[in-house]
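Residues per chain are reported as follows:
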Amino acid sequence: MSGMSGTALAGARERRVSTGGIELCVAELGDPDHPTVVLVHGYPDSKEVWSEVAERLASRFHVVLYDVRGHGRSSAPVPLRGGFTLEKLTDDFLAVVDAVSPDRPVHLVGHDWGSVQGWEFATVARTEGRIASFTSMSGPSLDHFGHWIKKRMTRPTPRRAAQLLNQGVKSWYVGMLHTPVLPELAWRGPLGKRWPKIVQRAEKFPDSSYPTASLREDAAHGAWLYRDNVRPRMRRPRTDAYAHVPVQLIVPTGDAFLSERLYDDTERWAPDLVRRTLSAKHWIPRTRPDQVASWISEFVTAREEPAARAPQQKAPGRHADRFGGRLVLVTGAASGIGRATAFAFAEAGARVVAVDRDAEGAARTAEMARLVGAAEAWGECVDVSDEQAMEKLAAKVATEYGIVDVLVNNAGIGLSGPFLETTSEDWKKVLDVNLWGVIHGCRIFGKQMAERNQGGHIVNTASAAAYLPSRTLPAYSTSKAAVLMLSECLRAELADKSIGVSAICPGIVNTNITATSRFAGVDAAEEKRRQERSSRLYGLRNFPPEKVAEAILLAVVKNQAVVPVTPESKGALWMSRFTPRTLRRIARLEPRL
Amino acid sequence: MAGATKQRTAHDRAGLSDELRGFREVQRLAYECAETVAAQLRPGVTEREAARMQRDWLRERGVRDWFHLPFAWFGDRTAFVNFKIPLQFFPTGRKLEPGMPFILDMAPVYRGYAADIGYSGSLGLHPVQDRLMSDLRPHRELILEQVRERRPLREIYENVERLMTRQGYANRHRAYPFGVIAHKIDRVRERRWSPTAFGFGTQSLRGLAADALHGHREGWSPLWSPYRFSDHPPQPGLWAVEPHLGFRGTGAKFEEILVVTDSRDPGESAFWLDDDLPHVRRWAEEKAA
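Protein chains in written order, with the working numbering: chain A, 1429 to 2021; chain B, 4 to 292.
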């Protein structure tokens, strides 16, 4: 047995539980009177994989972790062959649960092989009444997996064949692990030596304290997890593998080993299912501890206190799996696209901060957001062009609501009129809001995101004017072109931190931007007339801001770089690439207002 | 609101003419029908059945002609989601489910008087629609106030729309034919045979067409729309006003008759025909609470 690295689970109480000739090393954190959450690790891991998550859960729950047999400081069965069957692992789990929470059922959380085990625990009859809920990450039930493959083998439509192929490619290592001796040699030899570096780099672990020193033995022993279980279960998957507990399924979209499609049929097996999607790779307990811990907390709390369950069911919107419980900040949220975006995120169950210089409008947005399903919503009165106010806002948001997961820099103002009649005052005003507002937002909130190092997304509202030259909107177009390029550059820079950046180019959308636009070079009466006229024209076009909001959510889900929304915006983008000369010709026309 | 307390309404008005009393009677009858049918709606009832229930109820009470046949919209059809053509307004086979909002809209003609009303409700609680209904109140006040100020109808339309936008809602009456927020309504000659075309009573359509012709010559229109033909001060007569709010798949409206006269006294120049209607009572209760 190799020793545990000392710092991984600070303040944990340890005990040993014996079961069937094995000694399991069990660690506990938090008050034993609180609901018990049992965290089961995967392969090649030890319980320390949960250190970040456990730390975050310890204040509210009785957190229990144990090293699976043959891993970490638990002893290994002799002989190894046949010692890792799911039946025996279920014995281990029940022994641990009986020791740490003899009277109350526990909330089970599993990652990777821990989740594969968890599915077994949650679907076999003998654990009934011992488990209150199950949160699964990156580990399907082998039985469900078996049925999934069978279904696709028996009727291989092109799509199903593609899905099979895709998962087959991702499962390459499973075959390798079935060869005798070689995996053990590799893990005890060169692979074991290099693995920490490989996994830290590939998965972008925030620090180098994990994997722990026991890795080589863990990985060598753990090969038997595959050899003892995969073939029998794939050949004859259980047909009664229905979960008897509520299940929360957390799916990272960038998992190198498991396809998202694997979970398509999960509803069939788990009637009470909550889906969560996360833009991350395989090891989310290391790379996304905040989000993982908060979803576990929310799920467990809802099962412990049924009254608190309402908000989860309130959010039926699209992408609820992706944005449920996440913190979204939208600027310019008192009207138009910003407001519609806040509502769209609210419908997906996000927590929404609506920022605008119109305090009343922002408060109203927050109020309505709560009504349509936001877990929580706040209105904040801030002028985005005011750097200090933005700094203050960021500090307040970070301390009171948390680090922003999705930032939408949407606030903007219109300015129309020929360049030669646009004063420097006009220029300053439009650049202050449209460009500096975005810069402040990206800099201040983006910095917080990057420092947290757990991913995130920034959406900047640019415009079709960013690539569409015209003689009527020189200042506005310039500001938006800057936003577009800023977004592209930032996207390159923040990719390392798993922070996505999208630029949205809406086009002509029916919002009040026209009613508040400045028209340079004309008197007040004429300006008013043009505002009304352009408002009417935009009203006739009548493209609803709600559709832009949908595009924004989709841009975050798919991590798109540049998103033109209206047909004219798409057309203009196409023309700017392929027929720029025509576009320049059109730019010379002077529209009558 | 100072104007609202002083506001003179039809039922405390001693000298309400027989004609107005006739219109008030049919409007009340229609609202009674809406409330009765709404109370009878159960899960599984379809829009067609709900429309049929309104029609039967009113026929039993002597209604023979229609300005338009009863409509019923359930669920996101209350907000006219994805409505592209007018045929989509007609009742469908959609079934009512618990927690669904609905709107009943009917325009019966009774003893030669026409009314056009809209009634919003939900099967069980619906916080969003509740909120929409509460937020319709300032619209009723705004419309009356601005009609009394004799502002052009098009301008009032835009001001109502602006208020909706500020509230965070979409203007859904824009989905109606010609995008109208209101239309004129008038007496209808009683005939033994009163056919309908596309859900509209032919007698009423004729009246509307005659008005349109007159109006076209004189520079006004019986349709209160966002377009240039509505760019005129309110025309004396009876207007069925129907602001319709939409918010993310939920809609709410009311519809009732606004009386516009050529009186110079602002209070007399325009008033709501009846203040004893479900939505008005509901606001009064909210205020009291």
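In short, the hints are calculated from the structure, not lab data. The structure presented is a predicted model; accordingly, all values stated were derived computationally and were not measured. Ideal Cβ positions, reconstructed from N, Cα and C, are used throughout, including at glycine. The reader is advised that the hints may include incorrect statements.
Unchecked claim - With the Cβ distance kept under 8 Å, some of the chain B side facing chain A (calculated, not the full set):
#1 Gly-127
#2 Arg-251
#3 Val-283
#4 Ala-287
Stated by the list, open to error - The calculated lysine-lysine pairs, modelled on DSS-like cross-linking and capped at a C-alpha distance of 27 Å, are:
#5 A:Lys-1857 / A:Lys-1956
#6 A:Lys-1975 / B:Lys-290
#7 A:Lys-1625 / A:Lys-1857
#8 A:Lys-1925 / A:Lys-1632
#9 B:Lys-87 / A:Lys-1998
Unchecked claim - Have a look at the derived ranges for each label pair, beta carbon to beta carbon:
#10 B:Leu-90 / A:Asn-1970: 44 to 50 Å
#11 B:Leu-216 / A:Lys-1998: 40 to 46 Å
#12 A:Thr-1851 / B:Gly-222: 37 to 43 Å
Against the structure, the hints:
1. Gly-127: Check failed: Cβ of B:Gly-127 comes no nearer than 15 Å to chain A, outside 8 Å.
2. Arg-251: holds (6 Å)
3. Val-283: With a closest approach of 23 Å, the B:Val-283 hint is violated.
4. Ala-287: Since chain A brings no Cβ nearer than about 23 Å to B:Ala-287, farther than 8 Å, the hint is violated.
5. A:Lys-1857 / A:Lys-1956: Measuring from Cα to Cα gives roughly 19 Å; hence the hint holds.
6. A:Lys-1975 / B:Lys-290: Not OK: A:Lys-1975 and B:Lys-290 at ~36 Å, beyond 27 Å, violated.
7. A:Lys-1625 / A:Lys-1857: violated (50 Å)
8. A:Lys-1925 / A:Lys-1632: holds (8 Å)
9. B:Lys-87 / A:Lys-1998: holds (23 Å)
10. B:Leu-90 / A:Asn-1970: 44 to 50 Å: violated (20 Å)
11. B:Leu-216 / A:Lys-1998: 40 to 46 Å: holds (44 Å)
12. A:Thr-1851 / B:Gly-222: 37 to 43 Å: holds (42 Å)
The structure fails hints 1, 3, 4, 6, 7, 10 (numbered hints given earlier, in ascending order).
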